[in-house]
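Q: Can you build the whole structure from these sequences, using the hints too?
Protein chains: 2
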Amino acid sequence: MAQQHLDPSGPFPVQDGTTALGGYLRSQATEFLRSLRQHRESGAAGDTADAARALRRAARRISGTLHTFRPLLDADWSDALRPELAWLSGTLAQEHAYGERLERLGDALQRLTTAGPAPAARLPQQAPATNALTVGAAKAAALLDRQLTLARTRAHSTALQALGSSRFHAVADNVAVLASEVPLSGADTGLNKLALEAESRLAEAVAALRHTGHPYNADADTPWHHVRLLLRLHRYAQEVVLDDPRADPRLCEAAHALNTHRDAAEAAAAAAQAARTPRIAPPTAYALGVLHADQRHEVEAARIEFRQAWQRERVGTP
Amino acid sequence: MAQQHLDPSGPFPVQDGTTALGGYLRSQATEFLRSLRQHRESGAAGDTADAARALRRAARRISGTLHTFRPLLDADWSDALRPELAWLSGTLAQEHAYGERLERLGDALQRLTTAGPAPAARLPQQAPATNALTVGAAKAAALLDRQLTLARTRAHSTALQALGSSRFHAVADNVAVLASEVPLSGADTGLNKLALEAESRLAEAVAALRHTGHPYNADADTPWHHVRLLLRLHRYAQEVVLDDPRADPRLCEAAHALNTHRDAAEAAAAAAQAARTPRIAPPTAYALGVLHADQRHEVEAARIEFRQAWQRERVGTP
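Chain order of the listed sequences is A and B. Each residue of the first sequence is one higher than the one before, starting from 438 at the first, in my numbering. Each residue of the second sequence is one higher than the one before, starting from 438 at the first, in my numbering.
Hints listed in this document are in silico derivations from the structure and should not be mistaken for laboratory results. Mixed in with the good hints, there may be bad ones.
What the hints assert, rightly or not - A few chain A positions that, by computed beta-carbon distances, are all more than 10 Å from chain B:
1. 476
2. 712
3. 742
To be verified - Among chain B residues calculated to face chain A with C-beta under 10 Å, some are:
4. 599
5. 713
6. 715
7. 720
These numbers were taken from a predicted model, which means no experiment stands behind them. Just so it is clear, CB atoms sit at the ideal spot from N, CA and C, and this is done for glycine as well.
A: In structure tokens form, the structure reads like this:
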């Protein structure tokens, strides 16, 4: 699928702005309510996780759309709903994030200790170095497992409490309103203009990104995290104006790279955090240091991957 | 300067083979003896280091030339001299290598802890992570300084002992013979053929290199170290047959990348070794883990740099 850039002078699938916006918000609100029912009725853990993912997905789309197309919507209503949706999707995302982080760090430790040719090809004098990391890596894996499993369990409880709270019921009521009737501001123009503005904000933020060349400098991550959010808003705005739920695959690649960037940055921070656990053994701390640096290099690799995907997206080649 | 590939059918500066070989070996032997005098007469540490570097440089060139052009030389004589020259340049290289390694690791630790924007731009919650690495990095730097300075001091004593030994005097006597009269085998052809064979061995070894994608796998370094030695032999053979002491700048880039590869691999091993020091604090071990991984990524970067330089060398673009 070729990407359609939002050129107001070009061939663009024009439709009534508020019809497209209303249709999109209604369908996402319906999806929100459907996944909520599914979440309540699901028994198996896998089903619950799928339902929670669908719920977060719809909540992010509603929140992003309220943001990008704010002038077309009832301002008081949407300004009140947006932070509540952000709270909800943020709270629901935690449990999943801790699980993913544990898996990412476990895979990395596995890779760091098992990389290499078959044992027969190893030189004898290199065996001690390999073993030293192996011992520390096993202890580091156990430590991370304890810490992140505990955090995930807590996040699970917090999510369950959130879904039973009156705060959540107020959000669900507002989304139910949205499913039947979208509160519009009365303005009936500017849908494409607002979508173009979202695209411009993204393009400007990407242009301002610098490759720092300092992979260990977590302070430099912030503009990249910001671009990740702006890319998300751009994709949702595209879904609204193109009336097509399938985003451009190249935008998906760029988004995927920025998700990896975020995941690797948080995994690196988790490794650093685990290394500050009192009374750990030096080999464990050493393995966590290797792991931290490895994840910071994954952060760097994700930046390069994003730039390549973005470049392909810009020049329009597949 | 454009590179001249050694095509026997092409326009090639043909000269009498043994004349070129003899001239080259005599000039390197003269250089060896000159730097040896300079080393003995030098007072300042910097002058001594320069003289030792020139001595190693000549010893490597003589040894490599004896290897590549072995059929043209008195076999017994050159087979006896080569390992002695290797012993000498290896022994003299150690002190310098420990000093360079300490500098490389110190610079890396500096970079790891000071990278980032001005303090005002930092977010407050990121300060503890930065400080944790800073504390460990300072201790790691002190530990590496102690260990590598001790090793360098020992290497210095070993080098002084070597230069005063009867074994060394035998080497110097043999090199003095070489400066006046090169012991030839009697064969008078095949200089270009032997140089081409050295080039072929290099090309085959480069073609067999694989990018492992496992930056922490030190076992995979060996073929790269071998290519480094073959590239050195190729460069020296070029110096002989082209009668030009200035190697092609692109070959210099490739050689530089492989030197960095070797230095980073040894620095990574030194960081891992330091982490096995008994009773170090966990933050020190953590910083050494970060440092180890950082140097392994420098190993990876050097491989990419080598491939790029080699590609430029092959296609003949500047």
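Q: Looking back at the numbered hints, which does the structure fail to meet, lowest number first?
A: 2, 4
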